[in-house]
Amino acid sequence: MSDDTKSVETMDVWVAGTEEPQFSPTDEGAQEISDHESDARLDEQFGRVVEDDYVFDDSVGDEDERMILNMGPQHPSTHGVLRLQIELEGEIIRRTKPIIGYLHTGMEKTAEQLTFSQGGTNVTRMDYLAPFHNELAHALAVERLLEIEVPPRAAAIRVLLTELNRCSSHLVALATNGMDIGAVSMMIYGFREREQILAFFEKTTGLRMNHNFIRPGGVAADLPPGWKDDVAEILDELPKRLDQYDDLLQDNPIWGSRTRGVGVISAEEAIAYGITGPPLRAAGVDWDLRKAFPYSGIEQYEFEVPLGEHGDVYDRYRIRVDEIIQSLRIAEQVMDSMPKGDYRVDDRKVTPPPRARIDESMEALIHHFKLFTEGFKVPPGETYVAVESPRGELGCYLVSDGKARPYRMHTRAPSFANLQALPIAMADSLMADTVATIASMDPVMGDVDR
Amino acid sequence: MSEPGDAGVERAVEPIVDRVLPDNDVLHDLLEQFDDVGWEVSRGQDLVHVPNHGWLDFARAAHDAGFEMCVDVTVVDWMRSRPERFEIVANLLSMQHKLRLRMTTTAPREQPTVASLVPIWPGVNFAEREAYDMFGVTFEGHPDLTRILMPDEWEGHPLRKDFGVGSVPVQFKESHQVN
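Residue numbers (the numbering used here), protein chains in the order written: chain P, 1 to 450; chain G, 1 to 179.
These are calculated hints, taken from the structure and not from any lab test. These numbers were taken from a predicted model, which means no experiment stands behind them. Just so it is clear, CB atoms sit at the ideal spot from N, CA and C, and this is done for glycine as well. There's no promise every hint is true.
[Stated by the list, open to error] Residues of chain P placed beyond 10 angstroms of chain G at every Cβ, according to the derived structure:
no.	residue
1	I100
2	P225
3	I275
4	E304
[Stated by the list, open to error] Pair by pair, the computed Cβ-Cβ distance ranges are:
no.	chain 1	residue 1	chain 2	residue 2	range
5	P	R66	G	R60	31 to 41 angstroms
6	P	E299	G	M79	52 to 62 angstroms
7	G	Q111	P	I188	32 to 42 angstroms
8	P	R355	G	G66	45 to 55 angstroms
9	P	P253	G	Q33	47 to 57 angstroms
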């Protein structure tokens with residue numbers, strides 16, 4: 001009998017209010033919205049530091065009427081493990097605080113343990129919807145430290161793959177954006193078209209995602225036989241599908257009223273908050289790294305930079321559709337003008353010897369072994385290389401101390417910076433517009449938390 | 001924050017003699033205002049070394065010179081290989097001049113501190129929080145300097161070089177166990 005009572009005591013089930021809890025269920029410490037935040041912090045959260053259009057009337061409503069709502073991290077519309085603390089007054093959002101880190105796996109620390117050639121497998125897992133852009137930024141940074149230039153065919157393959165990747169990434173953005181607002185068919189359509197592009201990636205690289213195909217010194221392999229037919233099919237099919245999307249969404253009154261004038265980010269705010277990519281261009285700022293600081297010979301191809309006007313959810317949606325069209329334009333030009341030649345640089349210190357040579361040459365075998373066990377040494381120095389990923393400026397800051405592993409690798413993640421726009425885009429808007437605003441920023445939590 | 005009297009002593013830094021100034025007009029005019037800021041070209045990219053106490057002043061001047069965006073702030077831990085352990089790096093971007101500039105400063109091993117750039121570019125808020133989280137560098141004047149990626153109760157700063165890899169057991173929050 002006494003044993004029974006003891007076992008009940010050790011159950012120690014805590015019921016709210018019955019005893020002093022040993023932990024508080026929402027013990028997030030400083031991660032909580034505080035009642036006593038400094039004026040500077042409030043100014044910053046409401047975007048008052050830059051001139052803007054928001055009017056925050058403190059006199060309206062009572063403090064007691066405000067409630068804090070936790071959205072996420074397990075929520076289908078937060079695009080991963082994003083958690084938002086939202087302070088509501090009725091249905092109006094007054095303050096928002098994004099809380100991140102749930103997907104943090106320390107990839108920058110991991111990068112210090114991997115050789116420069118292994119680094120690609122690491123960075124490609126950051127922004128998993130745009131793996132080629134991550135690989136490209138990393139490879140370009142390593143190449144700049146090595147001071148090598150890749151052959152024209154490698155550069156053209158890189159442009160082809162990254163631009164098709166932009167299409168597949170924007171298709172997911174359109175799909176989830178539609179899904180979140182209630183256009184459920186968009187989810188199916190977007191993923192259907194994306195699968196066609198991913199099938200091409202799988203044929204080329206062996207994997208649908210996380211390819212590690214763009215490597216320092218070029219690309220891992222040449223394009224597969226019949227690649228032109230596959231690309232031509234995508235180029236033929238996708239514009240038709242985009243027309244269907246327009247039929248579905250463009251003049252749809254529900255779509256219009258859910259997106260127009262919602263989640264506005266002005267050009268001034270976007271620049272002050274370091275917002276890049278479609279949200280910046282939606283505000284009308286003509287800024288695209290492919291035009292400003294061209295990489296991989298992308299300046300040889302003709303394309304336009306679509307711009308928005310109002311910086312709302314609708315403009316960001318429209319820009320993604322237009323960017324797909326422009327990316328297809330680039331892909332078509334690359335397909336027609338694909339240069340012949342080697343697909344990786346002819347530098348024995350960086351490029352492994354061809355497979356056939358390993359069987360007949362002792363030096364080739366040694367080289368191959370050394371490259372894949374020790375890796376190649378990179379001269380000391382530091383550099384920052386940025387590419388225009390589907391989400392904005394994706395930069396790789398690389399520091400080498402002359403060894404085969406980076407001394408420090410830092411990724412400037414576009415989703416991470418763009419997330420800072422959520423509080424200003426959502427301030428004084430309706431709770432129902434939250435998911436539309438989040439989806440239009442297109443955050444990838446793997447990119448945010450790294 | 002230092003007293004006004006201290007600032008005078010700190011500022012008695014010898015100007016860099018015979019320093020080369022960049023050809024670019026924007027950078028030239030910007031660097032001319034500061035005697036103690038060094039300039040170099042690293043792999044074709046402009047890099048300026050700013051003394052720690054002049055970090056905010058230089059950033060403000062850079063902002064006025066047309067660098068309207070600060071895309072990133074990060075830290076490199078040099079351990080014992082340099083006299084000052086931490087190197088703070090800020091990546092500036094000028095859209096109007098199509099120019100990038102990287103500004104760096106250093107912070108000592110004990111209580112590494114540097115001025116926050118949030119008053120100039122509010123967008124570095126997250127980046128500085130990440131740098132604080134990962135390296136323990138304090139950004140003075142930051143409105144909300146808390147951990148951003150690691151859990152709040154995490155001990156240590158993971159990207160420091162003396163923070164081992166895989167040697168630390170995973171920390172979970174204190175939770176109740178039901179027998």
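These are the hints, each one checked on the structure:
1. I100: violated (6 angstroms)
2. P225: Non-interface label stands for P/P225: nearest chain G Cβ at 38 angstroms, farther than 10 angstroms.
3. I275: violated (7 angstroms)
4. E304: holds (18 angstroms)
5. P/R66 <-> G/R60: 31 to 41 angstroms: holds (36 angstroms)
6. P/E299 <-> G/M79: 52 to 62 angstroms: Taking Cβ atoms as reference, P/E299 and G/M79 lie about 41 angstroms apart, which means the hint is violated.
7. G/Q111 <-> P/I188: 32 to 42 angstroms: violated (56 angstroms)
8. P/R355 <-> G/G66: 45 to 55 angstroms: holds (52 angstroms)
9. P/P253 <-> G/Q33: 47 to 57 angstroms: holds (56 angstroms)
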